[in-house]
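> Spelled out from the first residue to the last, the chains are:
2 protein chains.
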Amino acid sequence: MNITLTSIGHVRTIRADPTDDNWDNETTRIDLDTTRFTADALLSLDSFSQVEVLYWFHHAEAAISALGAHHPRDNTAWPLAGIFAQRGKNRPNRIGLTICKVLKVECTTLHVEGLDAIDSTPVLDLKPWMIGFAPRENAREPQWAKELLSGY
Amino acid sequence: MNITLTSIGHVRTIRADPTDDNWDNETTRIDLDTTRFTADALLSLDSFSQVEVLYWFHHAEAAISALGAHHPRDNTAWPLAGIFAQRGKNRPNRIGLTICKVLKVECTTLHVEGLDAIDSTPVLDLKPWMIGFAPRENAREPQWAKELLSGY
Chain A
1 MNITLTSIGH VRTIRADPTD DNWDNETTRI DLDTTRFTAD ALLSLDSFSQ
51 VEVLYWFHHA EAAISALGAH HPRDNTAWPL AGIFAQRGKN RPNRIGLTIC
101 KVLKVECTTL HVEGLDAIDS TPVLDLKPWM IGFAPRENAR EPQWAKELLS
151 GY
Chain B
1 MNITLTSIGH VRTIRADPTD DNWDNETTRI DLDTTRFTAD ALLSLDSFSQ
51 VEVLYWFHHA EAAISALGAH HPRDNTAWPL AGIFAQRGKN RPNRIGLTIC
101 KVLKVECTTL HVEGLDAIDS TPVLDLKPWM IGFAPRENAR EPQWAKELLS
151 GY
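From first to last, the protein sequence lines are chains A and B. Residue 1 is where the first sequence starts when you use the working numbering, and the numbers rise one by one after that. Residue 1 is where the second sequence starts when you use the working numbering, and the numbers rise one by one after that.
Some clues are possibly wrong.
Since copy identity is lost for identical chains, a pair holds within one copy or between any two.
In silico EDC-like links for lysine to aspartate or glutamate, alpha-carbon gap of 20 Å or less [what the hints assert, rightly or not]:
(1) K101 - D31
(2) K101 - E147
(3) K101 - E52
(4) K146 - D33
(5) K101 - E137
(6) K89 - D74
(7) K104 - D74
(8) K101 - D74
(9) K89 - E52
Worth flagging that the hints you see were computed from the coordinates, not collected in a lab.
Produce the entire structure from the sequences given, and follow the hints as far as they go.
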């Protein structure tokens, strides 16, 4: 089944290079498409401290999406993991998802911290982070996931 | 910019009715599209306790997506909030996103708990829940969000 989406806006940042690490302190602007949205669309989003940003890895376009298992970041010290046991950008549907800190809403622009997306990235959706949707119990993850994120 | 996605699989559950509450104890199967994926795609996903399931609200099709501000669940006791300050299904691009408990991986089938999606829902992506991507500080949310989720 094919599903056609339309970006709701774009990422504006000085970061144009899709390197893998040190994203934590990036501050980024998301400009909504003003032909479709007014300030109403972001009303009250700043009453939440965090927002989930869904975006499209547009630069992964040329690559064939990995469908099977491979070593995360091609690091053979880490075990093989399926594409759905990883979060890398070279994946089916190429949707990225990051929980960001809400800094400020200004009309049709949202300012966030911690978004790991490069300039011009199409944004697909914004969802407020609701505490009731967080994992209900302590999360468990493999050691490689901790190591992978240690420099992120 | 138009973006075309293809579902990676479908939700299989006895729940066929998109009512709003009591989703917490649902156990659900996600069957990958076996014309494209093998068991490799889910390898190691069960080393994570939680998974983020991205899916498509296919039954919201007929409705015009809300683009502006409205009362969550049309409850006028709650304040107006923009569509991007809410998580309801009637939204641009109609992407749903839920953090679910991983129960079991069986070949190309993933069994989860807590997925608020009805039978036949197209699934867009699966991402392991990595602790390092969780909010770094205590989350803040408005009172209406707590009330909305109290019966979910």
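> Each hint should be assessed against the structure and marked as holding or not.
To see whether the hints hold, each was checked on the structure:
In the homo-oligomer, the alpha carbons of K101 and D31 lie at most 20 Å apart inside one protomer (16 Å), although the nearest pairing across protomers, at 34 Å, exceeds that limit. Taking CA atoms no more than 20 Å apart as the test, K101 paired with E147 passes in neither setting, with 23 Å inside one copy and 22 Å between copies. For the identical chains of this complex, K101 and E52 are neighbours both inside a copy (9 Å) and across copies (19 Å), given an alpha-carbon limit of 20 Å. With identical chains, the CA atoms of K146 and D33 are never at most 20 Å apart, being 36 Å at best within one copy and 30 Å at best between copies.
Taking the shortest Cα distances, K101 and E137 sit within 20 Å of each other only across copies (9 Å), while inside one copy they are farther apart (22 Å). Only within a single protomer do K89 and D74 lie at most 20 Å apart by alpha-carbon distance; the minimum there is 13 Å, versus 37 Å between protomers. With identical chains, the CA atoms of K104 and D74 are never at most 20 Å apart, being 37 Å at best within one copy and 26 Å at best between copies. Taking the closest pair of Cα atoms, K101 and D74 never come within 20 Å of each other, the shortest separation being 30 Å inside a single copy and 27 Å across copies.
Taking identical chains as interchangeable, the C-alpha atoms of K89 and E52 lie at most 20 Å apart whether they share a chain (17 Å) or sit on different chains (15 Å).
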